[in-house]
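Visitor: Based on the sequences and whatever the hints tell you, model everything.
Chains A and B supply the protein sequences, listed in that same order. Counting in this note's numbering, the first sequence runs from -6 upward without gaps. Counting in this note's numbering, the second sequence runs from 62 upward without gaps.
Everything labelled a hint here was simulated from the structure, so no lab data went into it. Virtual Cβ for every residue (Gly too), placed ideally from N, Cα, C. Accuracy of the hints is not assured; some may be wrong.
[Unchecked claim] If you want the ones that stay clear, here's a sample from chain A, every Cβ over 10 Å from chain B, calculated:
#, residue
1, P2
2, V9
3, N28
4, L35
5, A60
6, P90
7, R127
8, M193
9, T235
10, G278
11, I336
12, G368
13, R372
14, E410
15, A417
[Stated by the list, open to error] Computed list of lysine-lysine pairs in DSSO-like fashion (alpha-carbon distance at most 30 Å, straight line):
#, chain 1, residue 1, chain 2, residue 2
16, B, K74, A, K160
17, A, K50, A, K187
18, A, K136, B, K138
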Amino acid sequence: MAKQLFNQPSPLETMVLSKRFALEGSETLDVYLKNDGFKAFLKAKEMTPEAIIDEVKASALRGRGGAGFPTGLKWSFVPRTSPKPRVIVVNADESEPGTCKDRLLIEYDPHQMIEGILIAGLAVDAHVGYVYIRGEYRYLIEKMDRAIAEAYSKGYLGNNVAGTGWKFDLYTHSGAGAYECGEETALLDSLEGKRGIPRMKPPFPAVAGAWGLPTLLNNVETFSAIPPIIRDGGAAFAALGTPKNGGTRLVCISGHVNKPGVYELPLGFPMMKAIDEVAGGIPGGRKLKAVVPGGSSCPILTASECDIPMDYDTLAKIGSMLGSGGMVVLDETTDMVRFALRIMRFYQHESCGWCIPCREGTTWLRKILQRFYEGHGRREDISLLGELSKNMLGRTFCALGDAAAMPTISIVEKFTEDFERYLARETVAV
Amino acid sequence: MTFSPQLEEIFAKMLQQYPEGRTRSAVVPMLIYAQDEVGSVNRELIEEVARRCKVTPLQVDEVVGYYSMLHRKPMGKYHVQVCTNISCLLVGGEELYESAKKKLGIGHKQVTADGQFSLEEVECMGACSWAPAVEINYDFHHFVTPEKLNQLIDSLKRAQ
Chain A
-6 MAKQLFNQPS PLETMVLSKR FALEGSETLD VYLKNDGFKA FLKAKEMTPE
44 AIIDEVKASA LRGRGGAGFP TGLKWSFVPR TSPKPRVIVV NADESEPGTC
94 KDRLLIEYDP HQMIEGILIA GLAVDAHVGY VYIRGEYRYL IEKMDRAIAE
144 AYSKGYLGNN VAGTGWKFDL YTHSGAGAYE CGEETALLDS LEGKRGIPRM
194 KPPFPAVAGA WGLPTLLNNV ETFSAIPPII RDGGAAFAAL GTPKNGGTRL
244 VCISGHVNKP GVYELPLGFP MMKAIDEVAG GIPGGRKLKA VVPGGSSCPI
294 LTASECDIPM DYDTLAKIGS MLGSGGMVVL DETTDMVRFA LRIMRFYQHE
344 SCGWCIPCRE GTTWLRKILQ RFYEGHGRRE DISLLGELSK NMLGRTFCAL
394 GDAAAMPTIS IVEKFTEDFE RYLARETVAV
Chain B
62 MTFSPQLEEI FAKMLQQYPE GRTRSAVVPM LIYAQDEVGS VNRELIEEVA
112 RRCKVTPLQV DEVVGYYSML HRKPMGKYHV QVCTNISCLL VGGEELYESA
162 KKKLGIGHKQ VTADGQFSLE EVECMGACSW APAVEINYDF HHFVTPEKLN
212 QLIDSLKRAQ
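Guide: Here you go:
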């Protein structure tokens, strides 16, 4: 019997990171080694750290966690010659609403990520790494622990990685439920055994991260993209995408589509084609109303804005973001007041309370949206929602405040008629 | 306070894996693993984790209120977590949560009288493309309908 995947692959995918997913035993080191595994590490071992970083820069890989920062540049900030030991941290705290891709990378191909971590270790001269996995993913922590144990037992972690005499230790670390810990500095505080509170930057984690040590921190998918980049060259990976937006990424399509799923698509893939062809279109022939392009933090797009290629720069140009790859499709029946309220309930619940504009802002936005949803909205609330949100922008230590404000501003501005309808005491169906 | 041999083994490794003198790092993972065995984060557990991680009980106590998966009171033997965040909302997550409330006769973070089930409306748990999603203890269930959840709950009741 063929392996049961989370969802059937689409023929329109470009499988680079996910190419082993469907193989029986893809999570084992043996299958990994038989299918290109550790070729990249052995190649990197012969390269200088500068050459490794240059190759990553050439790939135009940008962080897959959400911020989209160029990965090679981030690596170059880590002071390789610091007298303090360097630390690698993997952000597997996947919790941006709409995002469910890192699960697959850990479940189906943990050794690809391990190899990416090891190559990063070579690049910044680090010898220890921690995979911070959200507590809800206990089964994945167990899978990751098994993969790490297998790598140790067969000599791909430990004192003599792949027979090269080079040393690297890797461990998992469980979170315990906090969206805020996906933010890199809060994650580091959490890793240190504290409440996950964001830190003032600078210093950036590259200089003073976990336990004050220089720390290289990337998302699961970012590390998983490293082996193919080193193996086949940065230029080959870059060529899959569009200029400055290299490679492929795992796009999580959810909401009102016939075939929701995680699909690996090249950067620059047309958004409408992703919805209509990859994800099988909207059920019942209903019309598209809106798209959340990359997790709930991103400003929402109206149907007329969706005829675009999906890359970081195009999304930025129209005032949104590609974010974490969580694409949520909303059909014409969606009530945007209810949708905005659910988003705000989330951010209010997850605000760590450290910065007042975020703690108070999310609380008040939720109250206003709640009263609107319950039919007690006032006309001035519409502008109040926008004003309040705009006053949160850029006024907090981390991006959670912005993440709550941005979708709200866009929903209120682009779907004012849904709010108007509530004032007229008439609701749309969900 | 002692734990099962399996847990003791996990904890022994955990305390070794951080840089020297950084055993505070084990506080959160130790709490959540221990909670699974003890049932809740009580005073005794806080003091035990503090002793093992070489921190003050207050330093342990202060994280308990922060992390949503840590509970000061025992949850049910089966902790039913229903996601209602956006991807689940669009395909019936709230209706699923309402139906779970009815089926179990309890609300958010409440426990049934026999201590067998507890319910929690949770935030996104990373199952967006297979929504609506439910996690019972650490087991994910995808594309869950009210009927499927009712059957699941019934089968867990029968298994007792």
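Visitor: Please list, smallest to largest, the hint numbers that this structure does not respect.
Guide: Hint check: 6, 7, 11, 17 fail, others pass.
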